[in-house]
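My request is simple: use the sequences and hints to build the entire structure.
Listed below are the residues making up each chain.
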Amino acid sequence: MTIDELNRRVSAARDEVEARGETFYPGASRVHLAAFPPRERWNDWVELDSKSWPKRVEKRYMLVPTTCFNCESACGLLAYVDRDTLQVRKFEGNPEHPGSRGRNCAKGPATINQITDPDRILYPLRRAGARGEGKWEQVSWDDALDDIAARIRACLEEERHEQVMYHVGRPGEDGYTTRMLAAWGVDGHNSHTNVCSSGARSGYHWWMGMDRPSPDHANAKVILLVSSHLETGHYFNPHAQRIIEGKKNGAKLIVLDTRLSNTATHADHWLSPYPGSEPAIFLAVANWMIQERRYDREFVRRWWNWQEYMEVVQGEPDASFERFEEVLSEFYSTYTFDFAAAESGIDVDALRQIAEEISNAGTCLASYNWRSAGSGNLGGWQVARTMTLLSALLGALATEGGTFPNSWNKFTPKPPRLPHQHPTRWNDVLWPDEYPLALMEMSFLMPHLMKDQDAFVDVYFTRVYNPVWTNPDGFSWIEMLTDESRIGQHIAMTPTWNETAYFADYVLPMGHSSERHDLTSYEQYDGQWIGFRQPVLRAARERLGEEIADTRDVNPGEVWEENEFWIELTWRIDPDGSLGIRQFFESVKNPGEKMTVDEYYGWIFENSVPGLPDAAAAEGITPLEYMRRFGAFEVAQKVGQVHEQQVPDVELDDVRVDEAGRVFTHAPVPPSPKAPGGTKIDPDEDGRRRVGVRVDGEILKGWPTPTGKLEFWSRTLHEWGWPELATPTYVKSHVHRQNLDSDQMPLITTFRVPVQIHTRSANSKWLDEIAHTNPLWIHPTDASRLGIDKTGDLVRVETEIGYFVLKAWITEGIRPGVAACSHHMGRWKPEGHEGQRIGMMTVALDQQGSDWGLTRKKGGGAFESSDPDTLRVWWTDVGVHQNLTHPVHPDPISGMHCWHQAVRIYPARPGDAFGDVSVDTAKSRAVYEKWLEMTRAASIHSPDGMRRPWWMLRPVRPERAAYALPESEPVGA
Amino acid sequence: MPEALPTPIHALRGLAVFAESPSEEHTDIADALGLTTVPTPAEYSDLFLFQLYPYASVYLGPEGMMGGLARERIAGFWNAVGLTPPPEPDHLAALLGLYASLTERASDTDPDQAAESALAGQAARALLDEHLAPWVFGWLNRMEELASGTYAAWAVLLRELLSGELRRSPVADSGEVGSHARAKARPDDDEAGAVLQHLRDAPPLPDPRTDGTSDFIAGLLAPVRCGMVLTRADLAGMARMLDLGLRAGERRYALEHLLAQDAGPTLKALALEARRQGDAHRQRVSWLGESAMYMMRRTEIAATLCDELSMDGLS
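Chains A and E, in that order, are what the protein sequence lines are.
Take the first sequence: its letters are residues 1 to 973, numbered as in this note's numbering.
Take the second sequence: its letters are residues 1 to 315, numbered as in this note's numbering.
Worth flagging that the hints you see were computed from the coordinates, not collected in a lab.
We treat Cβ as the ideally placed atom computed from N, Cα and C, and that holds for glycine.
One should not assume that every hint holds.
Estimated spans, in silico, between C-beta atoms of each pair [as the list claims (entries may be wrong)]:
(1) A:LEU871 - E:ARG168: 51 to 59 Å
(2) A:PRO868 - E:THR109: 39 to 47 Å
(3) E:GLY67 - A:THR265: 35 to 43 Å
(4) A:LEU86 - E:GLY67: 32 to 40 Å
(5) E:GLU72 - A:LEU86: 37 to 45 Å
(6) E:ASP211 - A:PRO816: 39 to 47 Å
Among chain A residues calculated to face chain E with C-beta under 10 Å, some are [as the list claims (entries may be wrong)]:
(7) ILE3
(8) ALA13
(9) ILE244
(10) LYS248
(11) LYS252
(12) VAL650
Printed below as a string of structure tokens:
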């Protein structure tokens with residue numbers, strides 16, 4: 001029989017078998033050019049059970065979508081809920097999610113580790129001994145809620161609003177808790193952002209009035225990264241897949257990273273600059289583009305606020321654009337390639353080459369800085385500001401293949417019962433006088449500011465946040481948390497044990513990604529989407545006809561979700577509505593009754609998400625059912641250049657155009673389905689609101705900056721005491737060569753290891769097996785010079801306030817003269833404490849006055865638990881906690897903690913042991929005070945008697961009156 | 001010139017099924033293919049789990065093991081054609097399934113899909129040339145030698161089908177797509193087939209006199225370095241023939257101990273086996289081209305080295 005005859009026979013046999021509705025080709029040979037279960041079969045999906053191999057056992061699943069809660073990307077997940085046991089068996093990608101498109105990094109599927117972690121916290125706990133002693137008792141949710149609610153109520157009744165604080169690490173949601181705090185009237189929103197991304201975000205904010213970039217990587221010609229996007233960077237997976245798409249389409253990838261990161265290995269041009277010199281490189285590229293006239297003159301003329309600059313700085317109010325170009329050319333002329341080469345250590349030829357590449361990209365330059373250099377250096381915010389200068393020169397903003405501002409690629413729908421009031425009292429601990437231009441709260445200075453202001457926080461929530469481990473100067477945090485004259489009650493809301501929770505009064509178990517409701521939207525391409533995180537077992541059981549009123553009924557133990565928790569807590573704070581806050585958590589349909597999560601999200605999906613009701617109707621289901629079924633919805637594609645859009649006539653009523661071209665109107669703000677937010681621009685003297693900007697005779701929407709233009713020059717920076725930094729420029733880092741002693745070198749600490757995510761993933765056995773330690777990257781020439789013989793040798797790294805001991809990794813993947821150590825790893829629990837075992841060492845803490853020591857008593861390793869895999873843990877090295885030895889380095893403008901350290905490195909000394917940490921918190925206090933001297937306080941420099949420029953972004957914005965500087969000297973000045 | 005017949009996709013998919021563990025569901029396919037019975041799990045385990053691992057990376061990677069650069073290259077190929085690589089992207093069943101899918105796509109006659117169809121055809125040819133042909137014919141030959149019954153017949157059918165594909169399907173001429181026609185040795189190449197991706201950088205068989213015995217043994221177990229596939233059965237046969245003890249364990253362990261017991265005769269036996277498999281490669285040169293030539297030369301080098309060592313002694 002010939003092969004073709006055989007082929008016909010097999011084909012006929014296949015037809016016959018498949019006509020019976022049976023599968024003909026089993027297994028891997030059945031490859032088809034599709035990768036995901038089709039959504040019409042999600043309700044009853046059949047797969048072979050991998051654990052039954054080699055037997056072919058079919059498992060029936062209900063595929064329920066949710067979103068990942070590990071990093072901020074909120075990638076889509078599909079929970080495979082076993083229809084027999086109603087347990088989640090695994091997580092895979094959700095192909096319906098517009099951001100992640102079915103793809104996940106290792107952290108998404110590892111969610112199954114987190115929900116089955118044998119050491120997770122399953123019940124509310126209350127401390128039974130002294131704070132930090134490690135003694136706990138199980139407590140009912142009712143008791144915990146009553147106790148916490150009573151304290152908060154007392155704070156509100158006694159006008160102590162500033163003593164209630166919510167400190168968030170991974171927000172993972174849009175608007176729920178800020179709405180709640182606004183309802184409470186509390187200016188107590190405290191984010192982690194100033195140890196994370198404020199540096200870069202500040203740089204974007206000064207240009208655009210929006211603080212995050214949304215690069216269109218997939219359509220770019222050149223992708224310029226100051227980050228490690230292909231392995232760990234912000235929105236890692238959604239961006240990484242689009243970067244690869246861009247590369248497949250021919251885009252060139254330029255990566256600035258002092259380390260040879262995985263991202264750098266994929267680059268067409270990898271530049272390894274001396275830390276902090278990145279702005280010098282960008283300014284040299286900008287200068288070359290300006291001198292060579294390789295920029296988009298028309299874009300610059302139309303959209304930069306060059307007229308304002310010429311008027312105020314140059315004293316030439318009537319200057320022509322050509323005159324501005326002359327000034328611009330002169331202004332940057334000192335930033336030559338030679339200058340940048342001397343600062344960065346990168347060859348002139350390499351710099352010229354990337355300048356050519358960037359300028360050739362035209363409007364298709366996708367650029368991005370998130371943490372990395374922007375978070376490492378004094379003046380790090382100028383990394384994003386100078387990088388955006390390149391985009392602004394090329395007109396590569398909000399263009400296909402360019403970089404969009406976040407707000408245009410993000411959709412945060414308006415919730416029901418939006419609070420109308422704003423907090424009336426300013427929180428000085430979070431927004432101190434010395435840092436009026438900080439993008440976000442000065443959260444990491446809290447131990448010092450509390451002392452300065454002799455402040456007391458009566459109710460302090462840490463919510464999925466771990467400042468003792470994550471922040472610099474962790475021992476000062478322990479000192480604060482254990483001082484009951486500073487912190488009245490500390491409530492740690494966390495799915496898993498962390499270093500901060502050990503110093504709490506209550507530990508409240510919160511849900512992982514498949515155990516909670518959240519609504520998110522993130523800028524990941526030129527489009528807008530919403531993603532719905534949901535308790536998947538609740539959704540599964542509801543599909544089977546059950547009614548679930550409380551997510552605790554389906555979660556493990558008594559794990560709760562925050563949405564329901566906050567509703568319940570608010571009702572207990574204000575049971576009779578007399579405080580005026582309960583109303584915001586009452587049902588819309590049935591006033592006087594509690595709002596449910598179904599009603600909250602159902603209202604949003606029906607009323608605030610354009611297109612969703614129609615899409616749901618097409619499926620014959622409600623909008624809420626649609627989101628529970630598919631998990632995500634794309635609201636818009638190709639948003640494009642919002643700044644170029646004409647203001648509709650309906651918004652132009654009694655218009656006035658001022659000298660700067662800003663257009664004001666008496667027309668009311670049209671209704672919008674989006675939640676309010678963003679910058680606030682003052683009305684004109686007659687109360688007209690700013691509606692746009694006139695450009696070449698057209699009234700266009702423009703940018704949400706004070707001028708409505710892209711702010712090359714910032715009047716705000718100029719008037720608030722920083723005229724020398726009002727334009728994109730170069731600030732020499734605190735680790736610049738001239739600031740180091742001859743025996744010091746910079747230590748880079750701002751990078752993740754590829755599969756881990758800060759404090760949140762230590763309880764994932766799969767991720768821990770892949771990455772569990774953080775050695776010191778050191779170049780062979782430095783190792784040789786310092787007497788470090790080989791990889792694995794112990795070294796002591798001395799910072800300004802102490803030292804830590806770890807293993808060396810001698811590698812050519814780091815620039816000579818620079819060392820690096822990932823801030824991930826080094827997780828610990830004190831001796832005598834229950835808690836997480838996988839991924840954590842056990843340590844002894846020792847305090848003698850301001851001298852603190854941490855000694856590793858036991859590393860990781862195997863242990864017996866309900867999960868047999870924990871007996872297979874083969875690694876004991878879980879890294880070293882270096883952040884404890886970092887003093888605070890607050891940038892005086894952005895407020896960002898400047899992570900890079902000036903260190904001395906030695907071979908370990910006799911008596912040094914791996915994991916040792918030693919710190920003097922008195923020294924950390926002295927470093928804080930030294931950096932404080934760089935600030936320019938609002939009370940001295942404010943041009944208008946305000947604590948902070950009104951227009952700037954701010955979460956939970958207080959009412960306008962609260963912005964006024966107090967008449968007396970501010971607390972702590 | 002007569003129009004080429006389309007790829008026998010169904011026969012190919014059906015044959016691919018038998019590279020996976022057998023089950024009752026294979027009965028229909030076995031019948032259609034004219035295979036007498038579905039193999040038993042024991043037969044499958046012996047052949048696929050202990051003798052001839054059905055993974056391309058074992059035969060194309062310099063380590064002679066599953067995974068590594070060879071698997072990554074193949075995973076990269078899956079990515080390049082827009083598919084998420086499966087957990088075992090280099091498993092024979094997956095590769096055959098992928099080849100079937102690509103040829104199926106290539107046969108799409110919709111004029112709007114002409115460009116995609118052409119690309120799929122080129123990709124299929126590249127898959128065959130780069131990731132299957134350099135190893136699968138030698139592997140099937142060993143299967144025919146070691147197996148009996150269904151698997152021996154299966155190997156013959158699969159060899160006929162794939163060799164037919166090589167002879168029949170159009171040769172890609174893109175600079176990025178590998179092909180045997182293009183894979184003529186470049187004038188400055190020492191070794192034939194050096195432009196094929198996996199073979200291009202394959203290191204030679206280490207000489208234990210300069211590189212150490214450990215690397216030499218590892219090289220003998222890496223087909224891309226020595227040109228031959230040494231199975232457990234081969235080692236057992238050598239032990240019997242030389243009256244040596246066969247230590248139970250992985251192949252490397254067994255080979256180490258054969259050499260430790262009596263290096264000279266073991267090396268001679270290895271040389272003999274290399275020449276025997278080299279002869280099989282030689283017979284394929286006429287239709288398989290330069291990759292068979294490459295493997296043949298590698299066996300010649302291995303045989304010569306083993307002969308030399310058998311006389312010089314192995315330290």
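Checked hints:
1. The hinted range of 51 to 59 Å is satisfied by LEU871 (chain A) and ARG168 (chain E), whose Cβ atoms lie roughly 55 Å apart.
2. Taken as a hint, the range 39 to 47 Å is violated for the pair PRO868 (chain A) and THR109 (chain E), whose Cβ atoms sit roughly 55 Å apart.
3. Distance hint check for GLY67 (chain E) and THR265 (chain A): the Cβ-Cβ separation is about 19 Å, which falls outside the suggested range of 35 to 43 Å.
4. For the hinted restraint 32 to 40 Å between LEU86 (chain A) and GLY67 (chain E), the CB-CB distance of approximately 37 Å keeps it satisfied.
5. Distance hint check: the CB atoms of GLU72 (chain E) and LEU86 (chain A) are about 39 Å apart, consistent with the given range 37 to 45 Å.
6. Distance hint check for ASP211 (chain E) and PRO816 (chain A): the Cβ-Cβ separation is about 32 Å, which falls outside the suggested range of 39 to 47 Å.
7. For ILE3 (chain A), the suggested interface contact is upheld, since its CB lies about 5 Å from the closest CB of chain E, less than 10 Å.
8. The closest approach between the C-beta of ALA13 (chain A) and any C-beta of chain E is roughly 4 Å, which is under the 10 Å cut-off, so the hint is satisfied.
9. Against a cut-off of 10 Å between C-beta atoms, the interface hint on ILE244 (chain A) holds, since the closest Cβ of chain E lies about 8 Å away.
10. The criterion of a C-beta within 10 Å of any C-beta in chain E is met by LYS248 (chain A), whose closest approach is roughly 8 Å, and the hint holds.
11. Restraint check, LYS252 (chain A) versus chain E: the minimum CB separation of about 19 Å is more than 10 Å; hint violated.
12. Annotation: interface hint on VAL650 (chain A) violated; nearest CB of chain E at approximately 43 Å, more than 10 Å.
Of the numbered hints given earlier, the model fails hints 2, 3, 6, 11 and 12; all others are met.
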